[in-house]
Amino acid sequence: MIESLNPLLASAIAAAIPLILAALGELVVERSGVLNLGLEGMMLIGALASFVAVAHGGGLAASVIAAMAAGAMIALVFGFVTLTLQANQVAAGLSLTILGTGISAFLGRQYVGFRAPASFADLPIPGLSELPLLGPSLFSMNLLGYATIALLGGVAWFLYRTRAGLALRCIGESPVVARSLGLPVIPVRYAAVAFGGAMAGLAGCYYAVAQFKMWQEGLTSGNGWIALALVVFATWRPLRVGIGALLFGGVSALGLYLQAINVQVSVFALSSLPYLATIIVLAFISSNQNAIRRNAPASLGKAFHADG
Amino acid sequence: MKTWKHAAASLAGAAALLAAPLISHAAEPLKMAWVYVGPVGDGGWTYAHDLGRKAAMKALGDKISTTIVESVPEGADSERVIRDLAAKGNKIIFTTSFGYMEPTLKVAKAFPKVDFYHATGFKSDKNVTIYNSRMYEPAYLAGIIAGHVSKKGILGFVASFPIPEVVRNINAYTMGARSVNPKITTKVVWVNTWYDPGKERQAAEALIGQGADVLLQNTDSSAVLQTAQDKGVNAFGWDSDMTAYAPKAHLGSAIEIWGGYYTKVAEAAIAGKPLKTTVWGGMKDGMNDLVSISPNIPAAAKAVVAEKAAAIKSGKVQVFTGPIKGSDGSIKLAAGKTLTDKEIDSVNYYVEGVEGQLPK
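Those protein sequences? They're chains A and B, same order as listed.
Our numbering numbers the first residue of the first sequence as 6 and each following residue consecutively.
Our numbering numbers the first residue of the second sequence as 15 and each following residue consecutively.
Just so you know, these hints were derived from the structure itself, not from any lab.
Do not rely on the hints blindly, as some may be mistaken.
Quick list of simulated restraints, FRET-style, between CB atoms [claimed, not checked]:
id: 1; chain 1: A; residue 1: Val-286; chain 2: B; residue 2: Gly-246; range: 34 to 40 angstroms
id: 2; chain 1: A; residue 1: Asp-127; chain 2: B; residue 2: Val-305; range: 45 to 51 angstroms
id: 3; chain 1: B; residue 1: Arg-94; chain 2: A; residue 2: Phe-273; range: 24 to 30 angstroms
id: 4; chain 1: A; residue 1: Ala-296; chain 2: B; residue 2: Gly-89; range: 35 to 41 angstroms
Note that the structure is predicted; figures quoted are calculated from it, not measured.
Heads up, the beta-carbon is just placed ideally off N, CA and C, and yes, glycines get one too.
Take the sequences, apply the hints, and build the full model.
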């Protein structure tokens, strides 16, 4: 019985990893007080960049570097527009999504129709991967999967255990106070935005080179928006991003899994499960206004005028 | 007499003046437009339609000019896009997804001089013509191969929406497999989308997890095939030739071939006799086929598939020939009879061998 759950868990984890990567990046961006709605666009740019890297024989390391660099670069364009030129962040973020979707579709035309020549293979950890229940799913991920777990811990440690993390959170709460303390508001926000872009690029790399091993237009099929929702869902706490992503991946896998084992539930009910679960959890979270007020960065989405 | 001559001359002149724009108009290319549900780069359904458009352009050169709109969601959004294309002077508009049916009919009423062609629907009008491809024929052949290749006797099908177009492909696939091995069963997972590589992959994983070892899908990406290769099982390409996505897992691709039809529609319109009859083409008409069959399948399977393919192409064999039993055990069609097109187009049951209940 337990063995039959393995494919379900593995499927849930595989779906959760890119969501965690993208959401973690966005979480750091939002913690610095910037709202970047361009996740989907940055993920697509990263996915294409990584696929191009392996398609031209660059290998896996090159695909990761290409994805993160491309994601960071396009994010810095957003940074320039919103931080230096102080344009509206919501509008700039939405434009970034449209831009990324369009550019990746246009540049990617010649890469449609074949399998990635190299891809991240599953690396089972000897011993651990034979543990019952979680062993075969949690301990036989690919390299990017393990890296995601490390990044999850790393971001949590950075935000809550380092001076730089404290500075970043302080800037997100009140850039005016942060500046009066001598913190470099705009440079830190630039760094956060670049980090968010690199992480979204990495999520794209996971889709193109680890999970689907191909390039197709709109490969991420809206998961950038789900990652964005996950940040709110997790009330801006890194570890909750992990839980939320697993929950979403698990519930969407469950709907398909129940069909495969012939459970007689309406298909339409099953496919609305992930969204139903999201609404319930969001309703639950927003009923606790304190949690949101405590964790939401107070200056989120507001432009900061250094001279004002 | 003189005045008569004058009148005649001026009449002729007027006629020439009137005719001039008509003549130059005739030399202008015929404006045609396509509305696509996915991106051209989906490597599947939309890609196949775009190959068809390009084939028509190649055949007719500057006699036609074409416009495409990609990734148009079904429903209200598509109505706006179709209306816009009609307003921009396109004379022929192809709407290439089931969910464009009502919007197409609605816009067609407002533009009686534009001819609309709707793929896979079942409602037509004076200026709305339906065309479709009998994909259940290559699906049946795929089933024959699956019947030979499957070791566990369990097939998997990743399905999009519970509409007759998809249900009959599930049935044909299962019937093909059971013509080889009557014990085979098919598991079906519905993803409620045409294009979502993540969901398609998860569905394939769920099916493989339950023992399915030969998969077919009625969705638009190559994710199911890729997943099959990753998990060491087999699968087919759908809509376009998908060999290059998963050379090891790929057993063959059921493809659509729209080029011939699109060319014919354009030629007829240019000749002033627009095609208005419903076209439901199959392998016989060269509108689809099972191609790139893997060299690794058993010789027996190759022989049977070649024989059945020839029989379907010659029109001797119909896929939906009785006896057909429903999955509930009831007789759906007596031995020797064949389903009519109307019955095929409204099928609302699983055949014997398909597990689970058809979503209603």
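Here is how each hint holds up against the structure:
1. A:Val-286 <-> B:Gly-246: 34 to 40 angstroms: At 36 angstroms between Cβs, range holds.
2. A:Asp-127 <-> B:Val-305: 45 to 51 angstroms: Violated, since Asp-127 of chain A and Val-305 of chain B (Cβ atoms, about 32 angstroms apart) do not stay within the stated range.
3. B:Arg-94 <-> A:Phe-273: 24 to 30 angstroms: 26 angstroms, holds
4. A:Ala-296 <-> B:Gly-89: 35 to 41 angstroms: Holds, since Ala-296 of chain A and Gly-89 of chain B (Cβ atoms, about 37 angstroms apart) stay within the stated range.
Violated hints amount to a single one, hint 2; each of the other numbered hints is respected by the structure.
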